[in-house]
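Trainee: Sequence:
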Amino acid sequence: MQKTNEKNHEYRFSDNGPKYLIRGPGCDMGVVILQPGQSFPNHRHNTACEVFYTLSGEVCLYLEGTPHILQTGDVLQCEPGEAHYLINNGDKP
1 MQKTNEKNHE YRFSDNGPKY LIRGPGCDMG VVILQPGQSF PNHRHNTACE
51 VFYTLSGEVC LYLEGTPHIL QTGDVLQCEP GEAHYLINNG DKP
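Residue numbers (the UniProt record's numbering): 1 to 93.
Worth double-checking, as some hints may not be accurate.
Unchecked claim - Cβ-Cβ distance ranges computed for the label pairs, FRET-style:
hint	residue 1	residue 2	range
1	Asn89	Pro25	14 to 22 Å
2	Lys7	Glu79	12 to 20 Å
3	Arg44	Ile69	15 to 23 Å
4	Gln2	Pro67	18 to 26 Å
5	Pro67	Lys7	31 to 39 Å
6	Glu58	Pro25	12 to 20 Å
7	Asn16	Leu76	31 to 39 Å
Because the hints were derived from the structure by calculation, they are not lab data. Even glycine gets a Cβ: it sits at the ideal position worked out from N, Cα and C.
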């Protein structure tokens with residue numbers, strides 16, 4: 001079991017980017033804030049799945065090169081080894 005609080009973690013880039021709350025071994029969980037036009041680079045996790053839940057706005061998540069539009073309330077799970085990246089094409093974080 002892992003338990004934490006978001007307040008105990010920092011965003012990678014001060015006030016945006018990823019803030020991982022739980023890391024592996026089988027799953028990563030975190031918070032990502034992307035400003036309009038901002039993206040998170042293409043990457044993959046060899047042994048962990050990663051689940052994205054959209055709290056607000058709209059983001060395009062590319063999974064193995066295929067775009068998926070995620071809107072408020074949408075959930076998408078990337079399996080281990082699947083390349084993915086995010087871009088905020090909207091006008092709000």
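Trainee: So, for every hint listed, does it hold in this structure?
Mentor: Now the hints, each set against the structure:
Taking 14 to 22 Å as the suggested C-beta distance range, the pair Asn89 and Pro25 does not conform, at roughly 33 Å. Roughly 30 Å separates the CB atoms of Lys7 and Glu79, a value that falls outside the hinted 12 to 20 Å. In this structure, Arg44 and Ile69 meet the distance hint of 15 to 23 Å, their C-beta atoms being roughly 21 Å apart. The given range of 18 to 26 Å is broken by Gln2 and Pro67, whose C-beta atoms sit roughly 32 Å from each other.
The hinted window of 31 to 39 Å between Pro67 and Lys7 holds, with their beta carbons roughly 33 Å apart. The beta-carbon spacing between Glu58 and Pro25, approximately 32 Å, falls outside the hinted interval of 12 to 20 Å. In this structure the supplied range 31 to 39 Å is violated for Asn16 paired with Leu76, their Cβ-Cβ distance being about 20 Å.
In this structure, the earlier hints numbered 1, 2, 4, 6 and 7 are contradicted, and the remaining ones agree with it.
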